[in-house]
Amino acid sequence: MARPRGLAAALALLAAAVAAQDDRAESLGRAQQLLRAGRASEARELLETAAAGADAPTLARIADTCLRGGLLDDAERHAERAARLSPELPRLGLLLGQIYAAERKFPAAVERLSEAVRREPAQAQGHYLLGITYSLMGEKEKAIPPLERAARLAPGNAGFRYYLGLAYLDAGRNPDGARELGEAARLDPANAPAKLNLGWALISLGRNAEASERLQEATALDPRNPAAWFLLGESERRRGELDAAVLHFERALPLDPGMADALFSLGTIAYLRQDRAGAAEYYQRLLAAHPRHAGGHYQLGKMLLGEGRLEEAIEHLKAAVDIDPDRKGAHYQLARAYRLKGDAAAAAREAAVFRSLGPEAAEEGAGRREPLAPLPRNP
Amino acid sequence: MIPPGVRFSASFLLGLACVLAAARPPVSGAADPAASGPITLADRAAAAGLRFETTYGDKETSTYILETTGTGAAFLDYDNDGFLDVFLANGTTVAGPKSGQPPRSALFHNKGDGTFEDVTAKAGVGRSGWGQGVAAADYDNDGWTDLYLTFFGDNVLFHNNGDGTFTDVTAKAGVGVGGWSTGAAFGDYDKDGRLDLYVARYVDFDLKNAPLPGSARNCFYSGFPVMCGPRGLPGGRDVLFHNNGDGTFTDVTVPAGDLDKARYRGLGVVWADYDDDGWPDLFVANDAHPNLLYHNNRNGTFTETAFEAGVAFDEDGRERAGMGADFGDYDNDGRLDLVITNFYGEPHSLYRNQGSGTFLETTWPSGVGQATTRYLGWGTAFVDLDNDGWKDLFFVNGHVYPEVDRHHLDETYAERALVLRNQGDGTFADVTQGAGPDLATPRVGRGAAFGDYDDDGRVDVLVSSVNDRAVLLHNETADANHWLAVKLVGTSSNRDGLGARVTVQVGGTRQVHEVHGGGSYLSQSDLRAHFGLGKATVVPALEVRWPSGIVDRLENVAADRVVVVEEKKGLVPRR
Numbered sequence: 176m177a178r179p180r181g182l183a184a185a186l187a188l189l190a191a192a193v194a195a196q197d198d199r200a201e202s203l204g205r206a207q208q209l210l211r212a213g214r215a216s217e218a219r220e221l222l223e224t225a226a227a228g229a230d231a232p233t234l235a236r237i238a239d240t241c242l243r244g245g246l247l248d249d250a251e252r253h254a255e256r257a258a259r260l261s262p263e264l265p266r267l268g269l270l271l272g273q274i275y276a277a278e279r280k281f282p283a284a285v286e287r288l289s290e291a292v293r294r295e296p297a298q299a300q301g302h303y304l305l306g307i308t309y310s311l312m313g314e315k316e317k318a319i320p321p322l323e324r325a326a327r328l329a330p331g332n333a334g335f336r337y338y339l340g341l342a343y344l345d346a347g348r349n350p351d352g353a354r355e356l357g358e359a360a361r362l363d364p365a366n367a368p369a370k371l372n373l374g375w376a377l378i379s380l381g382r383n384a385e386a387s388e389r390l391q392e393a394t395a396l397d398p399r400n401p402a403a404w405f406l407l408g409e410s411e412r413r414r415g416e417l418d419a420a421v422l423h424f425e426r427a428l429p430l431d432p433g434m435a436d437a438l439f440s441l442g443t444i445a446y447l448r449q450d451r452a453g454a455a456e457y458y459q460r461l462l463a464a465h466p467r468h469a470g471g472h473y474q475l476g477k478m479l480l481g482e483g484r485l486e487e488a489i490e491h492l493k494a495a496v497d498i499d500p501d502r503k504g505a506h507y508q509l510a511r512a513y514r515l516k517g518d519a520a521a522a523a524r525e526a527a528v529f530r531s532l533g534p535e536a537a538e539e540g541a542g543r544r545e546p547l548a549p550l551p552r553n554p
Numbered sequence: 002m003i004p005p006g007v008r009f010s011a012s013f014l015l016g017l018a019c020v021l022a023a024a025r026p027p028v029s030g031a032a033d034p035a036a037s038g039p040i041t042l043a044d045r046a047a048a049a050g051l052r053f054e055t056t057y058g059d060k061e062t063s064t065y066i067l068e069t070t071g072t073g074a075a076f077l078d079y080d081n082d083g084f085l086d087v088f089l090a091n092g093t094t095v096a097g098p099k100s101g102q103p104p105r106s107a108l109f110h111n112k113g114d115g116t117f118e119d120v121t122a123k124a125g126v127g128r129s130g131w132g133q134g135v136a137a138a139d140y141d142n143d144g145w146t147d148l149y150l151t152f153f154g155d156n157v158l159f160h161n162n163g164d165g166t167f168t169d170v171t172a173k174a175g176v177g178v179g180g181w182s183t184g185a186a187f188g189d190y191d192k193d194g195r196l197d198l199y200v201a202r203y204v205d206f207d208l209k210n211a212p213l214p215g216s217a218r219n220c221f222y223s224g225f226p227v228m229c230g231p232r233g234l235p236g237g238r239d240v241l242f243h244n245n246g247d248g249t250f251t252d253v254t255v256p257a258g259d260l261d262k263a264r265y266r267g268l269g270v271v272w273a274d275y276d277d278d279g280w281p282d283l284f285v286a287n288d289a290h291p292n293l294l295y296h297n298n299r300n301g302t303f304t305e306t307a308f309e310a311g312v313a314f315d316e317d318g319r320e321r322a323g324m325g326a327d328f329g330d331y332d333n334d335g336r337l338d339l340v341i342t343n344f345y346g347e348p349h350s351l352y353r354n355q356g357s358g359t360f361l362e363t364t365w366p367s368g369v370g371q372a373t374t375r376y377l378g379w380g381t382a383f384v385d386l387d388n389d390g391w392k393d394l395f396f397v398n399g400h401v402y403p404e405v406d407r408h409h410l411d412e413t414y415a416e417r418a419l420v421l422r423n424q425g426d427g428t429f430a431d432v433t434q435g436a437g438p439d440l441a442t443p444r445v446g447r448g449a450a451f452g453d454y455d456d457d458g459r460v461d462v463l464v465s466s467v468n469d470r471a472v473l474l475h476n477e478t479a480d481a482n483h484w485l486a487v488k489l490v491g492t493s494s495n496r497d498g499l500g501a502r503v504t505v506q507v508g509g510t511r512q513v514h515e516v517h518g519g520g521s522y523l524s525q526s527d528l529r530a531h532f533g534l535g536k537a538t539v540v541p542a543l544e545v546r547w548p549s550g551i552v553d554r555l556e557n558v559a560a561d562r563v564v565v566v567e568e569k570k571g572l573v574p575r576r
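Note that the protein sequences, when read in sequence, are chains A and B.
Here our numbering is used: the first residue of the first sequence is 176, the next is one more, and so on.
Here our numbering is used: the first residue of the second sequence is 2, the next is one more, and so on.
Looking at chain A on its own, in the form it has when it is part of the complex (with noise of 0.2 Å):
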């Protein structure tokens, strides 16, 4: 009769595990939920209570929702657990590298996240994540093949696409990077940062026609970011249609009102067009917002050299040696400045100064690309 006890026993073990298993499933819905309402603490409590005796696949998934939620200590405690529990448990190793790398624990990434792809080589996720890992970690030849791997076996994965064009950008492999972010925004119209992205790429490639139309759905998908408006600007002022750019550029500004480059490309473009006023204008305001900005000292340093205020343009363009040593045209324009002051000694100096900065590193060609600043990433 045992067996029948036994039976009944053992039903009743499975009920209490079934029904321990949907209050863990329960516990994990609301954890999720007060996570999302910011409720870190009462998630904790009740992830805690649902770890308490739980397997190894439960603690992967109370882990994966504590990653999820931000806690990562607890999430690298319960995924560990599991891993204790259950060292062949498939994903987990996948899951313990993403903790890692959330927690910049890098090495300890790659090592889980090398090991997940040697397990599961046809997995496109293990690539991914160990690709991005290396771009976190500034790895970035690294973190190319992984991403290249992750992209061959998912092709229309939008978000392998866009992180490999971003690791492209980053190993200033631009033309594969502007494909990539290419594809990524075709798979995924939606994508406002591809289409940024794109964008950037293209102008710094020279291809501002193709840029502007990029940067032009990037505006609309994401109207609030400055960055879009500002490289909308950019593309327009590269191609030479300034009334554009300066619409443009002006649109970032009350999304980002001291943003230097709008300010300063406003500025330059009003230098250009010989309003002087209208120049001064924004390169006051660009110090104002960035008094260490060496690029506004020095344009409005070489305009006012231009009127013939020599005191106030010297002091501009020694505040933008100052900042910016290397700065070879502020040191051009302090020669010029002190011998029109009759100070040959002080003109000689400058003048020493910028021949020992030497010619332009070495680029590309016989032309030269004006160079475009990274926009910040946020991977």
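Keep in mind that the hints were calculated from the coordinates and are not lab data.
Just to be clear, a hint being listed does not mean it is correct.
[Stated by the list, open to error] Pair ranges (Cβ atoms, derived):
| no. | chain 1 | residue 1 | chain 2 | residue 2 | range |
| --- | --- | --- | --- | --- | --- |
| 1 | A | E278 | B | L213 | 42 to 52 Å |
| 2 | B | D82 | A | G453 | 53 to 63 Å |
| 3 | A | S216 | B | R319 | 55 to 65 Å |
Don't be surprised by glycine CBs; every beta carbon is placed ideally from N, CA and C.
Add chain B to chain A, keeping to what the hints say.
Structure of chain B alone, referenced to chain A:
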């Protein structure tokens, strides 16, 4: 008291007669630029019988930088019949001609009726190889214009025999030099009455060991592989030859001031007395190196002053990719200003001469910057295309990478030329769009020579393009403006009057033209000084200041003709 050497010539009476004969009272003063009709140019090469195709490198891909520089052109009157003839340099390909006769340079004789005939064979000036530049002037003062051709390889000096033929005198003259010569210009720097010669050299290049596209950092453009350079390639050293007066020249590059010691990559060359001290100075446009401005020390030596003068770099202290250059007084203040053509993405540069030996960059305030930044420029000139008394700007453009057409860039290999009209207030307006369909046609332009080949009073433009036919842009601007062209014949000075400064005073406007060797890109323009006179039918005062220091002054010179002024004689009959 009349200063020594100053003459009032018989032209005074001639001019007066013209004034009296005029149906309406003469009007003095340059025209209001806005009142002139649209500048219009039309390609009449085919109709004029100027059939010439330039061969220069591969059409689809430039494997080497050698395939990019293209060739120059010249307007010259080699047979002294008073009509401008045409010389066109020619190049080749890396693979060389597959069969038949290799591409050759050509001389076209102007028949005086607006058409040309090819006289290359008869004249003996057809040369094959990597032809580059042309300099045309009478180096031996025998009254016949000679030719100096630069090459990647040995250069050639052709002496004009005066009978329609030329003789290669390179070896005797000692001006062959090797390497890669580009721009060349005659000028009498020591004012001994004999024309000296400056030869710019570009890159120290060896086809056998030249790097291939994509093989180094300097061999990419916008991320795709292209021919390497010029950055990363060593420059060639320019050469200054002093004319010994016996048909030979001496290389004085070092004793004249250790010129181009840094071996900058020279292209365009032009002589001009930029500081108006009566001694010819020299400007060299360098590619991705600082430009050079040699101030004449009046003792056979030069001091390089480009940095101090403000023309070595752009206003941000960056070296641009200088290609062609010209001096001319665009604001009619009596001082020679400077224009330089540059790479795509860089504006063509305009520098206003401030006097006292310095220049102010006016590229952007003048409107030149906005009009030119998206072009890669070569031949250029200050030239009054509408005869309103204000020198306009003409630019020949064309990219160096055929590959740009395959990479969806904003830029294209072929580019249109640009005409910028001088608005008389220090600014220029881009009037290319209205200047006719032939001007708007994109070409891979390089050399450009300027001259009125049909003596209709309007300056025409001869354009040499890469792997394309030569274009003869006939100036068909419809306006009623008047003009005067002045041909100089030196006697104490060099025969061509190179370095002479011609000034016309019309109403309140004073125009200056200095006759100079070189200019534009690898080309030589007509040496006659052309003045647009606006509504004026008479030039009340014309002055020629010769290199010798002699000044000829003429009064009331009738407009709308070519006049010949001989040193110390004034007006003489035109041959």
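Quick rundown of the hints versus the structure:
no.	hint	result
1	E278/A with L213/B: 42 to 52 Å	holds (48 Å)
2	D82/B with G453/A: 53 to 63 Å	holds (58 Å)
3	S216/A with R319/B: 55 to 65 Å	holds (59 Å)
In summary, the structure agrees with every hint in the numbered list given earlier.
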